[in-house]
Amino acid sequence: MTQIRGPVRQIDENRFENLLTDEEKELLGMLPAVVVEAIESHSPYVTRLFPPTYPFDDAAQRGIEKADPDSLADAHRRLLEGLAASVTKPVLTHEDLANWVGAINDIRLLIGTALDVYEEMDRPGEDDPRFQDFVIFDYLTWLQGSLLAFLSQQVDQGDNP
Amino acid sequence: MPTGTATEEEIRTGSSVSIDSPWRVVLWDDPINLISYVIWVLETLFGYSTTKATALTMEVHNNGRAIVSHGPREKAEADASRLHQKGLWATLERESD
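Protein sequences, first through last, are from chains A and B.
Residue numbering for the first sequence is 1 to 161, as defined by this note's numbering.
Residue numbering for the second sequence is 1 to 97, as defined by this note's numbering.
For the record, the hints were derived by calculation from the structure and aren't laboratory data.
On a predicted model such as this, the values are computed, not experimentally measured, just so you know.
Wrong hints could be hidden among the right ones.
[To be verified] Once the Cα atoms are required to be at most 20 Å apart in a straight line, the calculated SDA-like pairs of lysine to any residue come out as:
{"id": "1", "chain 1": "B", "residue 1": "75", "chain 2": "A", "residue 2": "62"}
{"id": "2", "chain 1": "B", "residue 1": "75", "chain 2": "A", "residue 2": "51"}
{"id": "3", "chain 1": "A", "residue 1": "25", "chain 2": "A", "residue 2": "9"}
{"id": "4", "chain 1": "B", "residue 1": "75", "chain 2": "B", "residue 2": "93"}
{"id": "5", "chain 1": "B", "residue 1": "75", "chain 2": "A", "residue 2": "67"}
[Unchecked claim] Per the computed footprint, the stretches of chain A lying under chain B, defined by three or more beta-carbons under 8 Å from a beta-carbon of chain B, are:
{"id": "6", "stretch": "49 to 55"}
{"id": "7", "stretch": "72 to 78"}
{"id": "8", "stretch": "96 to 102"}
{"id": "9", "stretch": "107 to 116"}
{"id": "10", "stretch": "138 to 148"}
Quick reminder that beta carbons are idealized off the backbone N, C-alpha and C, glycines included.
Using the sequences and the accompanying hints, generate a full structural model.
In structure tokens:
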């Protein structure tokens, strides 16, 4: 019988052993910089990271952007840099996992936008130039879902109203 | 559309809508965010129970949108900003809309 490897193994209430392979760590250490670069160069693929609060009121939208122009970009940058900085840690905290889940979501939004992903979309064949990007996107989907399973257990154990 | 003298807030934002009106935070469906991620964000940001967060997320998934928060404009803007920081697509609308 084969046991499917997860990305982490829970040690105790707030410690998780990092089970990522060296190849996964290398990928997750590199991808955040790609997204940060896309943010700083105003790539069209980062639009989903910056949704308008007032899509039908240009004046109100300008007002909210003017009030704090860099806060959203800084928030995304912090998440992404947090992933890159912690991906090689042998033992992770709940806070690390929560940060990873947010950063992975940002990466998925960038790649998913570039690939024009939609629900129940068929994956291209290996001869398609987008094949490798879909492999990475699907890996990140698996990784995010796996980490969320750990985080959701912690939420379930809480006393939410 | 309101008429008459613009309030200080309307002048500051250039908006034609009043700060005193109650506002709704609308969360929109998208094909990339995982359902489990949206549930987790609603639980952790707003302290919603798993049951409530799941119901709202499925409403977004099935109907394309759901109202996930409401209140004065400043609070609604802050809630939308927190959702944006998590990569979710949230907008504001007046409750009278």
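Next item on the list: Sort out which numbered hints this structure fails and list those numbers smallest first.
Entry: Per hint list: zero violations.
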